[in-house]
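**Student:** Line by line, the protein sequences are chains P and V. FYI, the working numbering numbers position 119 of the first sequence as 119, with every residue one higher than the one before it. FYI, the working numbering numbers position 277 of the second sequence as 277, with every residue one higher than the one before it.
Don't take each hint at face value.
[What the hints assert, rightly or not] Covered stretches of chain V (in silico footprint by chain P; criterion: 3 or more residues with CB under 8 Å from a CB of chain P, positions within the stretch not fixed):
#1 96-103
#2 135-143
#3 173-184
#4 294-305
Just so you know, the hints here were simulated from the structure itself, not pulled from any lab data. Cβ atoms here follow ideal geometry from the backbone N, Cα and C, with glycine treated the same way.
Listed here are the chains, written in short residue letters.
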Amino acid sequence: MFPPEYLAVLDPFADEAKKIVGAAPPFDAMPQEIVERAVNRVKLSSKEMVVQPDLESIQAEILSFYLMCQGVASVSFPYSHETRLISNATRDTIRYRMYDLFKRGQEDLCMKAVRRSIKLVELEDGDRAKIGGTNIPREDFYKLRDQKLEEDGIETVDDRVLPQYLPKYGVRWTDIALLLRYRRAELTKLYLVGGWAILTARDLWDFYANFISVRTEEYVQSVYERIAESGAQPSKALVEVGGRISSLLPKELEFREKFARMPAGRLRPEFFPPCVNMALAGVGAGSRNYAIIMILTPFLSYARIAPSGRVATRVADFIDDISIVRDEIAPPIFEAAERCNPPFFKDQPQEKASIFYHMGFGMTTDPTLADSGRSKWYRMPNCSKIQMSASTLCKPDEFCRNIKNPLTYYFRKRSEHTRAGGGG
Amino acid sequence: MEMREATPEERKSFYTEEWNKREIPNFILHTLSLREFGFDLDGTGPSHRYNQFTTVEQLEDFMRNRAPYSAFTSVALYERPSAREGWLKAELVLDIDAKDLPLKTCGCSPGSVCERCIDGARKVAMEFAETLRGDLGLRDVNFVYSGRGFHVRVNDEAVMELEQTERGQIVEYLTGSVIPTDITMAFGYSKVFRERVARTFEALDEGQLLKVKGLRKSLVHRLMAEKARALEAFRTGRFEELSSFKDMGPKTFRQLVEFLRRVNSEFTDGKVTIDTKRILRLPSSLHSGVSMKCMFVRDIERFKLEDAVPKFIREGERP
Numbered sequence: 001m002f003p004p005e006y007l008a009v010l011d012p013f014a015d016e017a018k019k020i021v022g023a024a025p026p027f028d029a030m031p032q033e034i035v036e037r038a039v040n041r042v043k044l045s046s047k048e049m050v051v052q053p054d055l056e057s058i059q060a061e062i063l064s065f066y067l068m069c070q071g072v073a074s075v076s077f078p079y080s081h082e083t084r085l086i087s088n089a090t091r092d093t094i095r096y097r098m099y100d101l102f103k104r105g106q107e108d109l110c111m112k113a114v115r116r117s118i119k120l121v122e123l124e125d126g127d128r129a130k131i132g133g134t135n136i137p138r139e140d141f142y143k144l145r146d147q148k149l150e151e152d153g154i155e156t157v158d159d160r161v162l163p164q165y166l167p168k169y170g171v172r173w174t175d176i177a178l179l180l181r182y183r184r185a186e187l188t189k190l191y192l193v194g195g196w197a198i199l200t201a202r203d204l205w206d207f208y209a210n211f212i213s214v215r216t217e218e219y220v221q222s223v224y225e226r227i228a229e230s231g232a233q234p235s236k237a238l239v240e241v242g243g244r245i246s247s248l249l250p251k252e253l254e255f256r257e258k259f260a261r262m263p264a265g266r267l268r269p270e271f272f273p274p275c276v277n278m279a280l281a282g283v284g285a286g287s288r289n290y291a292i293i294m295i296l297t298p299f300l301s302y303a304r305i306a307p308s309g310r311v312a313t314r315v316a317d318f319i320d321d322i323s324i325v326r327d328e329i330a331p332p333i334f335e336a337a338e339r340c341n342p343p344f345f346k347d348q349p350q351e352k353a354s355i356f357y358h359m360g361f362g363m364t365t366d367p368t369l370a371d372s373g374r375s376k377w378y379r380m381p382n383c384s385k386i387q388m389s390a391s392t393l394c395k396p397d398e399f400c401r402n403i404k405n406p407l408t409y410y411f412r413k414r415s416e417h418t419r420a421g422g423g424g
Numbered sequence: 001m002e003m004r005e006a007t008p009e010e011r012k013s014f015y016t017e018e019w020n021k022r023e024i025p026n027f028i029l030h031t032l033s034l035r036e037f038g039f040d041l042d043g044t045g046p047s048h049r050y051n052q053f054t055t056v057e058q059l060e061d062f063m064r065n066r067a068p069y070s071a072f073t074s075v076a077l078y079e080r081p082s083a084r085e086g087w088l089k090a091e092l093v094l095d096i097d098a099k100d101l102p103l104k105t106c107g108c109s110p111g112s113v114c115e116r117c118i119d120g121a122r123k124v125a126m127e128f129a130e131t132l133r134g135d136l137g138l139r140d141v142n143f144v145y146s147g148r149g150f151h152v153r154v155n156d157e158a159v160m161e162l163e164q165t166e167r168g169q170i171v172e173y174l175t176g177s178v179i180p181t182d183i184t185m186a187f188g189y190s191k192v193f194r195e196r197v198a199r200t201f202e203a204l205d206e207g208q209l210l211k212v213k214g215l216r217k218s219l220v221h222r223l224m225a226e227k228a229r230a231l232e233a234f235r236t237g238r239f240e241e242l243s244s245f246k247d248m249g250p251k252t253f254r255q256l257v258e259f260l261r262r263v264n265s266e267f268t269d270g271k272v273t274i275d276t277k278r279i280l281r282l283p284s285s286l287h288s289g290v291s292m293k294c295m296f297v298r299d300i301e302r303f304k305l306e307d308a309v310p311k312f313i314r315e316g317e318r319p
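Chain V with its partners taken away, still in its complex shape:
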């Protein structure tokens, strides 16, 4: 998949020929006039802020005329969006950036992304959504492909007025970045933690495990050789099984779990979630840095990266 910067001409052609206001999801359309819009007009950063559109037609005119490098909209709703004043409430968002995933198995260089990284981000978004729905009982959970990862955007009334601290606690819960008191319960955070720790452990290779302080090389070899057994112990919460690995004393075990917990916390950028005035890429707009469409994803399980490829790239690929 080609990921290169779009030219000004390609941006123009995208916004005149391909961009469609109907691709803006309802959760934004229905609150359009209450959101701040920000734009990066020339690739130097989103400095054109404090914009308000009272109708989608006004937004349409702007997009077609200016063909911005990037377009953003606030997660917050304001009384006066053009002054960013009178904060009413804000979506709960989780930003899963494929380039920042802590464990990559694709060999991508830091800061770059490939299809495998993006699929990894998609799976993390799905995990988060499952917990948001199952444990936290939330219903209005939406997915947006951002161009280099996924945004999970929650619009349930019950969470939109939460402040930073509560949002920070939600991040801890979803990522499994706090070691629970009891690891063995069938439901609740205990289960979430086990699942996250198992997922992280499964993705670790020998080299990464060797970086864990206190883990001897011989133990790392054994954990890798019997990864399925170790994984099962993590998944079921039977952590005592792990102590049967030679050299896995209580201190070493604690250091391993602490390491896994820390890696878990890096699967999303908590700073984005706790920022209740953040602007995020507008679904339907073009991510010109990588020439991909930022798009609302109706069915995350069946998401195909090809759907986010703009026409100018598809046509360029044709023989």
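The shape of chain P in the complex, shown without the other chains:
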């Protein structure tokens, strides 16, 4: 028998969870086992993800969740690797719990939790599944099932597992726009009919878990901002928990971060034209978008990758290591954005994804080579266009004469330097 409070285990932001937090001791006085659970949440085994239906276990679960979030907010920042680590761990935990509960016959409990976050309808039954008057062809129905089974690597199915893989629900795709925004779902991967996305229970767990994961990130951000606003140091207990979670980050992430702080590889800033230097120095409110997205992004990507040998349509055609984008091209753009007044991403955080969009990776903040080609790799505008669109950035020097594109300036200056014996 599951008590009403058990819903908090599936939704740590539910009223049931808030009540538990409201009655909890301060974090400094938290029992050691809860502190340990907070740290270990990022590496729970499937068995450990399951919470027993008694009040004590439910309380420990909720308090450890909040301790984990506040700990991370105390030692890192929104969108940090730590935040991503706990957000992903929360997603995996919630998803497994839904899967497990459904398998144990607790479909109603699962659906009660889901319906609080996602508006959904059940497909009309009959000879064929139907939604909004449209029949879902029988073949498509089973193909959707098989796709999901394949995605989860399930070859043999039993009667307890199979129902989770049958298309059964319809959700308005606009109701899951938040997941599209965070790239937790992709429109082209949804089966859409008349505005309805046709989903299996398995999809629902996935979407629902991702909703909770996104809300976890938002919660960390709100705690971080609260800490920054108060000006006070976070409590020692939180810092300790955050520090321990941080130490669990995979080593390669630390390496990547360090690498990202290194000076840009083969880009030669001494050959940059005046407009690019002005954009790199940060600009005022009226020209930020243009300077960062339309000038720096194409300039640095084309200057660094220097595509040759074929038409430049995809970054992946010219590089085989995404770190060139992540660690050499993106950092100076992001730093310039920070130097803008006001900082570009402070009021327009969505523009981070726009940078990679303009490099051809689609709307993402975490590009991979496989994403290359999802959007167009925008070219550097000509000087005349820059003059028209952002005249304040165009302060030509002598070398600009007879040059029509800032990239020409860069390549030409570099080449002249090499020819003069200065090295490439």
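Given chain P, put chain V in place with the hints provided.
**Tutor:** Here is chain V on its own, set in the frame of chain P:
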């Protein structure tokens, strides 16, 4: 069809004699005071920005007195449009510019347009609208002839608050620029992708196909000779049929599909769609660069370019 720049006198005569505020579509009229207006007053670019009109009569006075070279209005609604502050929401727009269509069969030089290019853009706009309505369940889908192509402007509440990432995903869906996991489903993106790929393949000529990396000349000849069979395979999702063409190995096939996908993505400028603060030509205004009216299109299937020709051009053509 004559497409030439309008003189200042012609602009003046257009705005005093022909322009009618009733030609501004309701989706703009009803939100007029919440939109930013921008103008290009002399053909040097839309630098006269941050304008707000609280009534259509104020706009009318401006248009008649200034006879702008071009007039634009924001896709976004703002609390304070004259400061471009307090963003409330924005239409979902798709810009299909006839001059930028990736495959032209009319022989137009790059950057120029003819009636065939414009009709090509019209068909693309219709395809997008069908998917917006059929797959995405949107209802308030409007068409505007921009003077050199079409704008599809969606005003359903459900999409107006979407941010850039979601809008970018809509572009991917509509254009068919992502290769789906399953190509054979009757509905959904699988069907959209098949249709777009087939449309693109149909428009390709031998020269364009020869540019696809890895496609041998002999294979290109065969694909062209048996285009109907290849097209049918694309349309039905029976891609295995294509492997029966000699020299069409799995790698070559992947390169062909990748090429088609890439061309698909160029049928609209995604940059316009993801820009939630964009200004677009005001329907009813004059596109002075080509002397055409930018106009709201009630029935896209029956759109006639002649309807967009201003009086000063029509009268000039008379013997």
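**Student:** Verify the coverage statement for the region 135-143 of chain V against chain P, using a C-beta to C-beta distance below 8 Å and requiring 3 or more qualifying residues.
**Tutor:** As far as the region 135-143 of chain V goes, the hint holds, because 4 residues have Cβ atoms under 8 Å from chain P.
**Student:** Closer than 8 Å, Cβ to Cβ, for at least three residues: run that test on the region 173-184 of chain V against chain P and report holds or violated.
**Tutor:** Per the Cβ count (7), the hint holds.
**Student:** Using C-beta distances, would you say chain P covers the region 294-305 of chain V, given that this needs three or more residues below 8 Å?
**Tutor:** It is violated: at least three residues are needed, and the region 294-305 of chain V offers just 0 whose Cβ sits closer than 8 Å to chain P.
**Student:** Given that the region 96-103 of chain V was listed as covered by chain P, double-check it with a C-beta distance under 8 Å for 3 or more residues.
**Tutor:** violated (count 0)
In terms of the numbered hints stated before, the structure departs from hints 1 and 4, listed from lowest to highest.
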